[in-house]
Every structure is written in C-alpha cells, then in structure tokens.
Amino acid sequence: MAACFSCDAHASEAGLLAYDIVGDAVPAALGGLLGDPERGREIVLDRRSGNCLICHALPAIDQHFQGELGPALAGVGERLSTGQIRLRLIDQSRINATTIMPPYYRVDALSHVAPEYIGQTALQAQQIEDVVAYLSTLSSSP
Amino acid sequence: MNWRALCFALIATLPSAATSTEILPSGTTFLSQGLQAQAADAGANPGMLWVADGERLWNTAESAASSSCASCHGDAEVSMRGVATRYPLVIPGSNQLLNLEGRINTCRVQRQNALAYAHESDELLSLSAFVARQSLHMPLKVTVNDANAEFFAAGEAAFHQRRGQLNLSCANCHVERVGLRLRGDVITHALPNAFPIYRLEWQGLGSLHRRLRACALGVRAEMFDYGSEAYLNLELYLTVRANGVAVETPGIRK
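Sequence order for the protein chains is R and L.
Just so you know, we're using my numbering here: the first sequence kicks off at 4 and counts up by one.
Just so you know, we're using my numbering here: the second sequence kicks off at 322 and counts up by one.
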C-alpha cells in the first residue's frame, strides 16, 4: 500500500493523534500509550462502546449474542501483528475500500453523523490501544 | 449504433433491482416458528389490542363538533379494504407524499374538525393498524410513477448512502447481508409490510419510522423526525421494493 502523506495532516486537523502507516500496519502505539488487555476486553464486549460483537464472534461467548458479518476474532493475535490489528481498528477502509467495518479512529469522510458524535472518534486513542492489547492475546487454541 | 453501444443503451433502460418483479420474502419468515405462529393467530398477537382500539376510535365521534370516521367511511372492512397497499402516495395535484398515518391525520384535520394525532401516539398507531389490517394478505401495490419519482429517487439515494459514525448504508445490511446474524438478530430485507409492528424490545406497537430511527441510532447517525420528508422518501423506496409482498399488520418482531 502506498504511504499516505495526508493522513498525518488529517489526523492533526481533527485533533487526533498522528500515526504512520507502514505497509498494512501502524507499528507504533498511538501517542505511545500503553494498552490494558482487561479494559480492551470490556470495550470489545460493551454495547455502548466497541460493540464489536454485533459483527464478530469471540471464543467462550454465547453464539446467539454474536455477529457473523465479520470473521471470528479467535486466533487473531496469531494471524496478525499488533501493528496490523492497530490499522484495522483505526481505519479498515485503508486495507479494503468497501469494508463494512467502521473506522474507529477517523472523523473525516463520514456523513449524517448523530450530533453527539460529530468530531469524535468511535474509540479514543487509549481505547484503541486497550483493544489492540486484548486482541493480541487471542490465540487459536481455546 | 454498434452492438456495444446498443448493449449499453439496453442496460441503461433495464429496471433497477428495486423495480424488478422479484417478490422479496417478508421479515416474518426470518422469525422463529413460535413467533410466526403467534403473529398469525389474531387471538395471540399482542398487536391486535391496538387494532381493537383502532376499531373503537373508528366508530367514535370525539365531540359534538366532529363526526366519527365511520360516519363518512362506513364499514371499514369495505371502505378501507386495500387502501394501505397504495401508500405512501402523492395526492394528485399536491406534490406532497403522504403515508397512511399522514392520510389519517389529513382526514382528522380537514374532514373531522379535530386536531392531528401526535406521531407514535396510541391513537394514531391504533387507527393506522386498524386501517392497514383491512388489507391483510393483500399485496403491496406501490410503483414508481411521474408523481412520486422524485421522492423515490431521494429515498433510493438515502438507502445506499453510508451514514453515521459507524459509516454504514441501509443496503450494506439489508441488501448485502440478508440472512446473516447481527448479534441476536437475523438481517432481513427491510420490508414495510408488517407495520406498525409489535416489537418485544419496545413492549408495544411502533411505526416504520420508529424502526428507521432505531437503525439510525445503531450506526450513530442523525435521526430524523417521525413523518419527516427524509423518512417518507425512504418509506416510499422500501414500499416499492416490497411491491407484491402481502400486508401482515400487525407484525411481531424481536
């Protein structure tokens, strides 16, 4: 993937932390923040925050409350590097332009956003790092 | 014109998926057998309480200055039969799109000498459920014509536009991912044929526009007002897509 010269600019314009994309990954933690996997798990499960289970399945959770619009997240920590997971959370559309996965750390190129969310990212930088830390712990063995 | 150009011309005039003759399966068919049976049984369907109340309102004059719906329209089984299958529509010469609720409120104000019912009030839900019930099992019959084409185009565009902080279009879910599970729900074609619906999550009856607001909330998008132009346009688009699907009011949903 081509290096993106404008993404740092976009990020700072909107008050977001800048990040560098290398290949299909963002190798460095946003703002150098340290993620907490425990908190990350809560964010992934929480309907008012990450709410990732509307689309994804996680091991050890009742099937009926899991989505199947995206791949199961079991083993994702083995399939992908931390940096790859980070870019997929920040903005999956940089990897697949027609993805339905929401961009969790982007505020531009969105339309009709509810007033209370305008100018805000779906997850904050610390929450992104928490979720990255949690997903990195997911191996395919139960 | 060479064959390639001819081909293009032909493709350009083909009807879009929305106006094709394929009849989509009702949302009811995605429910458990138990809920389907409950919806089909008038004695067990909780939405029938509103229908009964609608019948009472139909026959009642609110004040000495006003007349009941029945005093003009008589027996609803006769006069309202098939009416719901034609809505939303543009009243000739008005350039205004009306859904069934809007039509009922027009009668309230212009013919009945009464105030319009509030959106989502029990009265409006009851009367619209009662009127729509008179079209039970009849296929929806709304197609695109000169009068509604502009509204339809706006609804179609809205249906395909990504919206909200989660950046999803109606079509992303209701066309591209029908049958897949979104958390506890199975995604359907988003047809309007069973509205107003009794939704377990609401513990009551709700209109199509309430459901549209719920879907907007789900993607953290701006919610429009009940009865707003934006939702009427979407309602028209959804109804044209559902052309031929039988009315099931009041449906039951999770």
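If you're looking for bench data, these hints aren't it; they were derived computationally from the structure.
Please read all numbers here as calculations on a predicted model, not as lab measurements.
Heads up, the beta-carbon is just placed ideally off N, CA and C, and yes, glycines get one too.
One or more of the hints may lead you astray.
[Claimed, not checked] With a Cα cut of at most 25 Å, we get these calculated DMTMM-like pairs of lysine to aspartate or glutamate:
hint, chain 1, residue 1, chain 2, residue 2
1, L, 575, R, 81
2, L, 462, L, 506
3, L, 575, L, 398
4, L, 575, R, 39
5, L, 462, L, 543
[Claimed, not checked] Where chain L lies over chain R, by a calculated footprint (3+ residues, C-beta under 8 Å):
hint, segment
6, 49–58
7, 69–79
8, 85–93
9, 126–140
Here is how each hint holds up against the structure:
For the suggested pair residue 575(L) and residue 81(R), the alpha carbons sit about 37 Å apart, so the restraint of at most 25 Å is broken. In summary, the hint linking residue 462(L) to residue 506(L) is not supported, as the alpha carbons are separated by about 28 Å, beyond the 25 Å threshold. At roughly 29 Å between alpha-carbon atoms, residue 575(L) and residue 398(L) are farther apart than 25 Å, so this suggested pair is violated. For the proposed pair residue 575(L) and residue 39(R), the alpha carbon gap of about 36 Å is over 25 Å, so the pair is violated.
Distance hint between residue 462(L) and residue 543(L) is unfulfilled; the C-alpha atoms sit about 30 Å from each other, more than 25 Å. Residues of the segment 49–58 of chain R with a Cβ under 8 Å from some Cβ of chain L number 3, which satisfies the need for three, so the listed coverage holds. Counting residues of the segment 69–79 of chain R whose beta-carbon sits less than 8 Å from any beta-carbon of chain L gives 4, enough to reach three: the coverage restraint holds. Remark: the segment 85–93 of chain R is not confirmed as covered by chain L, as 0 of its residues place a Cβ nearer than 8 Å to a Cβ of that chain, below the required three.
Only residues whose beta carbon comes within less than 8 Å of a beta carbon in chain L count, and the segment 126–140 of chain R has 0; fewer than three means the coverage is violated.
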